[in-house]
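Top to bottom, those sequences are chains A and B.
For the first sequence, our numbering assigns the number 1 to the initial residue and increments by one for each residue that follows.
For the second sequence, our numbering assigns the number 1001 to the initial residue and increments by one for each residue that follows.
What the hints contain is simulated information worked out from the structure, not anything from laboratory work.
All residues carry an ideal CB built from backbone N, CA and C; glycine is no exception.
Some hints here could point you the wrong way.
Claimed, not checked - Computed footprint of chain B on chain A; a stretch qualifies when at least three of its residues, placed anywhere within it, have a C-beta under 8 Å from a C-beta of chain B:
| id | segment |
| --- | --- |
| 1 | 5-11 |
| 2 | 21-33 |
| 3 | 37-47 |
| 4 | 161-175 |
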Amino acid sequence: MRDGDRDDLELHRSLSQGDRGAFDELYRRYSPSAYGLAYRITGQQVLAQDVVHDAYMALWRAPEAFDPARGAFRTFFLSLVHHRAVDTVRREERIRARQERASNLEPVAVEDPAEGVIDAADLADRRVEIRAALDTLPPEQRQVLEMAYFGGMTQVQIAEDIEIPVGTVKTRTLAAMRKLRRVLDRSATEDQ
Amino acid sequence: MIDDHERIEELLAGYVLRSLSGADASEADLLLSEHVPGCGECRRTLDGFQVVTADLGFAVEPVRPPETLLPRLHRQLEPHAPRRRPMQMFAVAAGVVAVVGLAGLTVSQNIRANNADVRADAFANAAQLAARDDARMVDVGPVQEISAPGEEHFYLVGEGVPGPPAGSIYRVWLVSDGVTTFVGDFLPDELGRVFLPIDFDPNRYDDLWIAVEPIDAPTGAPVSTEWWSARGTTPAA
Ligand SMILES: [Zn+2]
């Protein structure tokens, strides 16, 4: 287990008992990642703020939703943010600008993006590994994966959008997820 | 039931990305409630995929949220205790499997699958809903209905819910213009807890009925005499 994960567990325990200091610390740790992700998916600052706001409120009001037996806190929390961001996109389908879903991971254009972001060193290292893992995917697999994950699109929508059969979207998605799971698992093990 | 693991893995990959729709989504729900909990291979696959999807989030460049966000959150951080009653129930029920579906696909589609991931989200969402100033909490027999204006889903929660007599279940309907729609069946868990997220828009219905029904009773409308209404309408005799 990473040191950061152990700290997270401790913070989560304190938060569960109503400790606002622990809430603030988890906010400091994960709000930049959460906001970056939410902004990337929703493409709108107001929506991204709402997603992050709702995720932290959910954490405060129902901390027991995180089960330490099922994985790391950061896994739980970023999944929560992802789900909410995707749900928001689906709701706000009409305002989704398709051109903003470019398949790259460059920072989105907001004022002073990373200025002052306290980015835990281990998260920064992980980011490098994850991007390297994404680079190992064949372009056609990476495309469907990113359209689903960052674009919040269903497999049916992806199939229509790039004019391939839904079955092909499914096959490519599975191949991409399998490969990432394998590669990331290996790099996480090497970190320990 | 599906027993082809290649196909299952394909569904799980789409599921963790939240990219399934239609029949695939229903099939995944069914899978997650009936097959995955008892299959070590599938549980490992699901957990592994979930780590991948969280990791993908960390691939994005972090961006500091606006300075106003934390103060906005601070204004809303109500003390943890004393909580409203349903919140305590969520805390207790979070660690347990509280939904038992008896009607197969119907239940799985309408009363969401009870796998841990979905459950975690559902608890958080339900607690959030219940904490809203405009939340409605209505006693319906042994459980409480939690809903809010504008929300297209609602929850049935309860604690200390007595098990129905042997051979019977609790059955749920929604009623609109005299037409009853069967929602699903439930039983409390062994500690008497019930937590049911229900994907129907309560604002589109006039009433919610719950009845203790024989397991093999038709699902058209209540046949037993033990039933409750959320809004006071009466099942036709
Ligand atoms: Zn299996």
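| Looking back at the numbered hints, which does the structure fail to meet, lowest number first? | 1
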